[in-house]
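Visitor: Given two chains presented individually in distinct reference frames, assemble the corresponding complex, making use of the accompanying hints.
Just so you know, the sequences run in chain order A and B. According to our numbering, the residues represented by the first sequence are 1 to 194, in order. According to our numbering, the residues represented by the second sequence are 195 to 466, in order.
A few of these clues could be false.
In the DSS-like style, the derived pairs of lysine-lysine whose C-alpha atoms are separated by at most 27 Å in a straight line are [as the list claims (entries may be wrong)]: (1) LYS47(A) / LYS351(B); (2) LYS417(B) / LYS104(A); (3) LYS59(A) / LYS458(B); (4) LYS458(B) / LYS47(A); (5) LYS417(B) / LYS79(A); (6) LYS442(B) / LYS47(A); (7) LYS351(B) / LYS104(A); (8) LYS104(A) / LYS442(B); (9) LYS461(B) / LYS59(A); (10) LYS461(B) / LYS79(A); (11) LYS104(A) / LYS385(B); (12) LYS104(A) / LYS378(B); (13) LYS342(B) / LYS104(A); (14) LYS79(A) / LYS442(B); (15) LYS59(A) / LYS442(B); (16) LYS461(B) / LYS104(A); (17) LYS47(A) / LYS324(B); (18) LYS104(A) / LYS339(B); (19) LYS422(B) / LYS378(B); (20) LYS47(A) / LYS461(B).
Some but not every residue of chain A turned toward chain B, in silico, with C-beta under 8 Å [stated by the list, open to error]: (21) LYS72; (22) GLU73; (23) PRO84; (24) TYR87; (25) LEU90; (26) ILE91; (27) GLU92; (28) GLU93; (29) SER98; (30) ASP100; (31) TYR101; (32) GLU103; (33) SER118; (34) GLU121.
Hints in this document: simulated from the structure, not taken from any laboratory. Being a predicted model, the structure only gives us computed values, none of them experimental. We put the CB at the ideal spot given by N, CA and C, even for glycine.
What follows is each chain in one-letter form.
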Amino acid sequence: MAETLDSTPCGALIIGGSAGSLDVLLEIFPALRKDIDFPIILVVHRKASNESLLTDLLKSHTILAVGEAEEKEFLSPGKVFIAPADYHMLIEEDQSISLDYSEKVNYSRPSIDVTFQSAAEVFREKLVCILLSGSNADGVEGLKSVNNFGGRVVIQNPNTAIMPYMPQQAVLNVEPHVILDSHDMADYINKLNG
Amino acid sequence: MISDAIDNEQVEILLNDVLESHGYDFLEYSHASIKRRIIRLYGLDNFVSFAEFRYTVKTDKQYFKRFLEEITVNVTEMFRDPSFYKSLRNDVLPVLGTYPFIRIWVAGCSTGEEAYSLAIVLKELNLLNKSLIYATDINPSVLDKAKKGMFPLNYLKQYSENYLQSGGLKDFSAYYTANYSLAKFDESLNKKMIFSTHNLVSDHSFNEFQLILCRNVLIYFDKDLQHKVFNLFDSSIEKLGYLALGSKESLEFWPKAKEYKRVKMEKIWRKL
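Chain B extracted, bound-state conformation (with noise of 0.2 Å):
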């Protein structure tokens, strides 16, 4: 990769381009970040100069597609983090229990191995049955992906592991089948699903949550457009409610961070 392909008002420039045409916002991701994604994208599809790259991000709907999936990062694992997982399991998902009903939004889903892990632990708390889950990405195509629960059959073994791990009670290979080079996930999980696109930069809360997960999304916005999101999820988690963020995000520099109290040692915290 040419590092140096696209300079920084470059950058500038396309990102308003794709505010202007396609009214997706990306100037407050962090801007390091973005620009490698942007100068790997024209280093993969070859374009020869900025100019052709501007003109087709612009005018071509059908390569914006896969601008839009390529500039975001869509990388994800099921039971990332198993440490993580356990703690849900044992601390936040049985309190949730004692509720009637419990309706989660995951937050970035890219393309659904956390909704999916999330629907496994759910199901052998038994509360599956009683709950919802709102999976939403900015992006249409991976949505399209998370829908089917159909995953790269050789991260299967990794994916067991982190289960078996986060304190995982079965057989992991009882939740899919195998379809040539893919696991279909059982769609007794995905029928508690709802996936929509929803933009955290410029769309609004849409329903209460007793618990949002967002993991690994933050990291890619600037602290402002961070503080935003905060407010965003802080106006649509009930009172009591849980937030559960990466393991490198944290609410510590949001102004009402004191309004939370951290759940033991994972990047979790309680709405008070």
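Okay, chain A solo, but in the shape it has when bound (with noise of 0.2 Å):
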């Protein structure tokens, strides 16, 4: 099973954190190679305000094109597109990207939830998604579709976690196709290349 998952070619690629994730992105964001196929999705829950905060510091931290999500963008290989504050950020089915202004959920917009749940359909066994560290459990509800559509599930080890809470929530509910410890992260999305 396993390893017919792994040699699935990964048409998207999504992050979601929360508290305590930032330093596991600038960890992997530098070591990431240059000719990555596939999208990257980041979902990071932070206030409101701060709008071009991640952005800027994630663009310092990687040679990956690196921007905030646009209403109506497509998706495109090699580059990271960041979810941007205070909006859900959906897939649609000719992956161009929506954002939606609508009821936080998990007390969070953006929610990681929203992410993974309208792009596990989009792009079935070929999405792999990664939830890290965060004091809530938003992302759990999202795995559980990204399994149903036969995605991968990857899962930050909650003991390298600085805030475990999320990834153990994710541990506890859904069956991870692997566990990884943070500075196993690059590595591994290194190796989704086609």
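Guide: Here it is as structure tokens:
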């Protein structure tokens, strides 16, 4: 099972994180290969006001193109799309981005669940979702959908998470494809290249 | 929420029913968002099968009211994006203030928070008396709330902060009286508002305006529908009038965009 999945090309990678995830992202991004052949989507909980901080920070830590996701923009390989602060981000069948200002989910907007769920059906077995450190349970329902549609679920080892609650909840409720220490993540992502 | 409770085909069936039976066209809404709203409502109201849900939406007029209210997003805020309101206050409204009469359309006004915010700025610029704000929405029940001008008191701390950041000059609490859990806004504000249903998908232009505000409505529409609505706005804006959009919305890919000039860094464009 695991082996057949590993040979499936990756259509999109989504990384969800909350409190304590920034350190992991700053460890992952400098180590990513420059010829990544799938889009990377980031959904990170943060305050509504400090809008471009995360984008600017990541830009200075990777050679990949990084930008805040724009409404109706098409996903493209090798680019990092950051869900804007205070909007939910959904993926359409044609792999374009929809933004949504509806109610918060798990006290969060953007909500990791919302993006995981909408992408699960679009990319099916070609989707890889990683859930990082955090102190609420956002992302868990989304990972269930990813599992249902045959995508790969990757969870940060709660023992290596600054805030273990979120990955812990995921491990308890979803069968992960793999659990990774934070320092093994970049290597795992680089190997997703087809 | 079970995210796969309703599939794409069923969404399409349901939206076709809604158009046929009730005359509301959601077929050109962004698919992922509307699908999520539908699945959310299906779960909230504990339907056991798609067939039951479909039948209720199609035949039960009372339930359809709820459907309409829940399927559209009505989340809004007063003085949302303070820098936007600062630009309205400093760059746009003073220019309109040179006109004898100011007509403004708040399209997709939801429960009215943006219309009241606008009225407050107009009042502080001494322009409210010669202004008229047309506030419209597809959804009659949110308009009933908007007319009352009563907003939950627990949001007012945030609104007051937004107001001050947007360049507000007064004590924000001077504009409302607290009434149990609600803040009732001063009636001098909504005296200058006209509330009416209007469906951006199917209804036509009904007047000419110097300013149209339509924020966080177009993100729910697909590209073609967005362009249709821009055309509708274009035929409803006077020469040298303004169009204001939400922080993630843009005129950029609309063919007539070059006939509009962006105002500074905000999502405000002026018709040339």
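Visitor: Each of the hints needs a verdict: does it hold here or not?
Guide: These are the hints, each one checked on the structure:
1. LYS47(A) / LYS351(B): 17 Å, holds
2. LYS417(B) / LYS104(A): Satisfied, since the Cα-Cα distance of roughly 25 Å is no more than 27 Å.
3. LYS59(A) / LYS458(B): 25 Å, holds
4. LYS458(B) / LYS47(A): 25 Å, holds
5. LYS417(B) / LYS79(A): At roughly 22 Å apart (the allowed maximum being 27 Å), LYS79(A) and LYS417(B) satisfy the hint.
6. LYS442(B) / LYS47(A): Holds. LYS442(B) to LYS47(A) sits at ~17 Å (cutoff 27 Å).
7. LYS351(B) / LYS104(A): It holds: about 19 Å lies between the C-alpha atoms, which stays within 27 Å.
8. LYS104(A) / LYS442(B): 17 Å, holds
9. LYS461(B) / LYS59(A): 24 Å, holds
10. LYS461(B) / LYS79(A): 25 Å, holds
11. LYS104(A) / LYS385(B): Answer violated: LYS104(A) to LYS385(B) is near 33 Å, above 27 Å.
12. LYS104(A) / LYS378(B): It holds: about 25 Å lies between the C-alpha atoms, which stays within 27 Å.
13. LYS342(B) / LYS104(A): The given pair, whose Cα atoms are some 25 Å apart, holds under the 27 Å limit.
14. LYS79(A) / LYS442(B): 19 Å, holds
15. LYS59(A) / LYS442(B): 20 Å, holds
16. LYS461(B) / LYS104(A): This hinted pair holds, its Cα atoms lying about 24 Å apart.
17. LYS47(A) / LYS324(B): 39 Å, violated
18. LYS104(A) / LYS339(B): 21 Å, holds
19. LYS422(B) / LYS378(B): 37 Å, violated
20. LYS47(A) / LYS461(B): 21 Å, holds
21. LYS72: 6 Å, holds
22. GLU73: 10 Å, violated
23. PRO84: Hint holds; PRO84(A) Cβ to chain B Cβ min 6 Å, cut 8 Å.
24. TYR87: Nearest chain B Cβ about 6 Å off; hint holds.
25. LEU90: 4 Å, holds
26. ILE91: 6 Å, holds
27. GLU92: 5 Å, holds
28. GLU93: Hint holds; GLU93(A) Cβ to chain B Cβ min 7 Å, cut 8 Å.
29. SER98: Check passed: Cβ of SER98(A) comes within 4 Å of chain B, closer than 8 Å.
30. ASP100: Cβ of ASP100(A) sits 5 Å from chain B, so the hint holds.
31. TYR101: 5 Å, holds
32. GLU103: Holds - the Cβ of GLU103(A) comes within 8 Å of chain B, reaching about 6 Å at its closest.
33. SER118: Interface hint status for SER118(A): holds (5 Å vs cutoff 8 Å).
34. GLU121: 7 Å, holds
Violation of the numbered hints given earlier is confined to hints 11, 17, 19, 22; the remaining hints are satisfied by the structure.
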